[in-house]
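K.L.:
Full structure from sequences and hints, please.
Single-letter residue listing:
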Amino acid sequence: MTQALLREIIDYANRANPYPLYEELRKTPVSHDGDGPYVVSTYYEIHSLLHDPRISSDAKNLKATGDDLLGDQSDEEGTTLPPSFLKLDPPDHDRLRRMTNRPFGPPHAPHRVHDMRDELGGLVTGLIDGIVETGQLDRIDLVDQFAYPFPVSVICRLLGIPREDEPRFHVWAETLAASLDPDPDADPTQRGQGSMDARMELGMYLAGLIEERRKNPGDDMLSQLATADGPDGAMTTMEALSTSALLLIAGHETTVNLITNGMLTLLRHPEALERLRNDPDLAVPIVEELLRYEPPVQLLPQRTTLSDIEVAGVTIPKGASVWLMLAAGNRDPKRFENPDRFDPDRKDIQHLGLGSGIHSCFGAPLARQEAQLALSELARRLENPRLLEDPPQYRQNSVLRGPRHLPIACDGIRP
Amino acid sequence: MTAAGTHDGALERLKREGRIVVVGASLAGLRAAETMREKGFAGSLTLIGDEPYEPYDRPPLSKQVLLGNAVADHTALPRRRAIDADWRLGVPATGLDMAARRVKLGNGDEVEYDRLLIATGVRARPWPNPEEGALKGVFVLRTRDDAEGLQRALAAGPRRVLVIGAGFTGSEIASACRERGLDVTVAERGDAPLVGALGGVIGAVAAEMHRENGVDLRTGVMVTSLEGDPSGRVRAAHLSDGSTIEAEVVVVSLGAQRNTEWLAGSGLGAGPRGIACDAGCRAFDIRGIVTDDIYVAGDVARSPHALFGYQFLSLEHWGNAVAQADTAAHNMLSESADRRPHLWVPAFWSSQFGVNIKSVGVPPMGTEILITQGSLAERRFAAAYGYQGRLIAAVTFDNCRWLPFYEQQIEATAPFPPEFSTVDRRPDGAKPLPADFPDPSVPTHGPTITLSGYSPADRKMTFTPGR
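If you're matching them up, the sequences are chains A and B in order. Residue 79 in the working numbering is what sits at position 89 of the first sequence, and the numbering runs on without skipping anything. Residue 99 in the working numbering is what sits at position 96 of the second sequence, and the numbering runs on without skipping anything.
Think of the hints as simulated: they come from the structure by calculation, not from any bench. Don't take every hint at face value.
Unchecked claim - Within a straight-line C-alpha distance of at most 20 Å, the following computed SDA-like cross-link-like pairs (lysine to any residue) qualify:
1. A/K308 <-> B/R40
2. B/K66 <-> A/H98
3. B/K42 <-> B/D89
4. A/K50 <-> B/K66
5. A/K337 <-> B/P420
6. A/K324 <-> B/Q411
7. B/K66 <-> A/P96
8. B/K434 <-> A/S297
9. B/K66 <-> B/L257
10. A/K337 <-> B/R428
11. A/K77 <-> B/R428
12. A/K308 <-> B/E37
13. A/K50 <-> B/S424
14. A/K337 <-> B/E37
P.N.:
Right, dumping it as structure tokens:
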């Protein structure tokens, strides 16, 4: 039953609208059968597990189940990079995340994200101007022409990746993001090899860059990670490598999907788009509601129990794989009124879109700012925008879910 | 009979045209007023406050304000909605006539009410010797004015600051002094800072924090007297161990006193430990009978908590003030069957020496402590407190994201020591230690009730406030 439902959720055929399946899933807050993972789909249960120290993010604690078809694909094993802090527990996780945060956020770098605002604005303007220059307003692919290049440029600038190297990055990042998808139909050996190669190449490239920054540090994050010398000491080269690789990959697909899902939702709700056009400040609540309504990360498939723990009457045994279905929890009617309604005026909106607890989204402040800027500028500048395909074509990935292309048309682009 | 017919419409009348008076214009008073309006109270609303300011936030006063990073008069509490109230600021309430339903004010005015909410909070306990306490350079820290005065004194660069008392406020003040590069001595009567709130195991960690940050920490001593110079400025303090500390600024940080004196003789169950009330925030009179029209919220309230053996807890916690105000306001405007208990799990936070400290539950009830995550030596940990085989509280140092889990465990009366493994369990957390709270058998300062009379018909109660 659960396995069948999970297969349906992972099945590409249901990518455009998995929400009815999530609704079905929520009928059993913790569902499990056979050798599959324990799937948690209701808001309060997910929220409490995100703060539960009996849950590990380290795949080493997973009891191998052998024929677990849907289990975690441990694509990192056997590669040269150690796991990033996303896949570590405290104290290692805390130390690395803390060191990474020093050049990125408060208390040591409270202005970093805020100060990028003008640069982000310039990127957005440049990309929209680029659309004008193509002269083809009757078919714009919002993903390829806007939503993808924008956050990718941002993360590259943040890290200090030379602009001419950006295209190589796209290929590596896309391969690695795709490897997070628990697609049962893909050939695991082939995909594992592809992502291993990508990790290796990315790692070699970053190693060279880090080496260079150690000699000539700039004020980019890569330099600061490479030369960090705070109370936690310095990162090893391997740690700096896996951390920067994590930032790069996490900075890729997720924000792309937030912006694309956002535009898709707004085009389906023209009254909200109209309001945003007249009031750019509305981007703040709109992005929060989007993180609830269409979260870019739909589920967290890599948690493990350290003890037998009881959740909603079900005992999850020690060493079990636990999937936290964030997107299902975000639409739990026990938590949100009219959860399937997109409501930018929603006040009570403590969503799970960015996770919670110690692994809550590291890049959240940046992602929010990017999405707010992108959506308010698109709303302001596009004249009479409309969807050409609904639903659009989605990416294969069921974890990092979003349209692969978002073809739209508009009558003109305001200056 | 319809549901609406089961009562006489008094509640509807109260909501439409009643008079509600809130004594205490701070966090709890303001939030209660907002909730009342939210719930459709359309009658007259009067807020009485002894300070001349509109409600402001206190947590920044001992932190950002002392560092000079925020200005004391910029700490006004954000308003959730307009409350359309008659504000009586700068005038203290001086008395209560329960029979006539009237609050007396310091300026001779009287305000009538149909429902009264008391949220008069606490004030800083002053230095016991008034003459010494009046010396220039001697401060307490509770109000906006206190913070502003102390901030100015610190900005002037005194050669040494003496902080008397190493509870949360005293420790935060010491931390601010060090951050400003000032020499500071902390004198604490207990064996360690924070020992009353978190016990000796955690107190030892706090003591290390003080010392490593250059605080001259003296424990197990009392300040016996303060000495001024001829111009009336404080110059030194004498300690019970015979030593003398020369200081230009002295901050008396000896905890708080509840603002209940104005209720003396009113017949309300009010005393130095606060105003006793039921779980629904309705005040008790001195006969132990619950009132119908007087409610209490915030620091001044003392209410029984089901999770903690129905102990009457008075909590000086920001979150408690907000939650209790909300419950009180709801209950004031509800039929008895719709009333809610105030079952907030105590929680507080502090920030000192760059460390974020948070706690849930009631640590001083704990007899044992177990370091469940992280390590004391790294000052980054979560610790659980046990009481009679139950998890009763938890504290985190720079580890607060796990706290919701412990709160849930407390709410579920989970066993102690915990039976599960956690991430980041260290040798520190191998087995529980005695939590090491100070001996609770010290004399209390509680009030006394005496019964007099020869027959049940003329039995009277006499209320003697504590010293």
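K.L.:
Each of the hints needs a verdict: does it hold here or not?
P.N.:
So, going through the hints one by one against the coordinates:
Restraint check for A/K308 and B/R40: not satisfied, since their Cα atoms lie roughly 50 Å apart, outside the 20 Å limit. Distance hint between B/K66 and A/H98 is fulfilled; the C-alpha atoms sit about 18 Å from each other, no more than 20 Å. As the CA atoms of B/K42 and B/D89 are separated by approximately 18 Å, the hinted pair is consistent with the 20 Å bound. With a C-alpha separation of about 42 Å, the suggested pair A/K50 and B/K66 falls outside the 20 Å cut-off, and the hint is violated.
Taking the CA atoms of A/K337 and B/P420, the gap is near 40 Å; set against the 20 Å cutoff, the hint is violated. Distance hint between A/K324 and B/Q411 is fulfilled; the C-alpha atoms sit about 18 Å from each other, no more than 20 Å. Taken as a hint, the B/K66 and A/P96 pair is honoured in the structure, with Cα atoms around 17 Å apart against an allowance of 20 Å. Taking the CA atoms of B/K434 and A/S297, the gap is near 18 Å; set against the 20 Å cutoff, the hint holds.
Our distance criterion of 20 Å between C-alpha atoms is met by B/K66 and B/L257, whose separation comes to about 17 Å. At roughly 38 Å between alpha-carbon atoms, A/K337 and B/R428 are farther apart than 20 Å, so this suggested pair is violated. For the hint pairing A/K77 with B/R428, the CA-to-CA distance comes to about 17 Å; that is within 20 Å, so the pair holds. As the CA atoms of A/K308 and B/E37 are separated by approximately 47 Å, the hinted pair breaks the 20 Å bound.
The hinted pair formed by A/K50 and B/S424 meets the criterion: a straight-line CA distance of about 15 Å does not exceed 20 Å. Proximity of A/K337 to B/E37 is assessed by CA-CA distance (about 17 Å); at most 20 Å being required, the pair is judged to hold.
Hint compliance for this structure: hints 1, 4, 5, 10, 12 are not met, and every other hint is.
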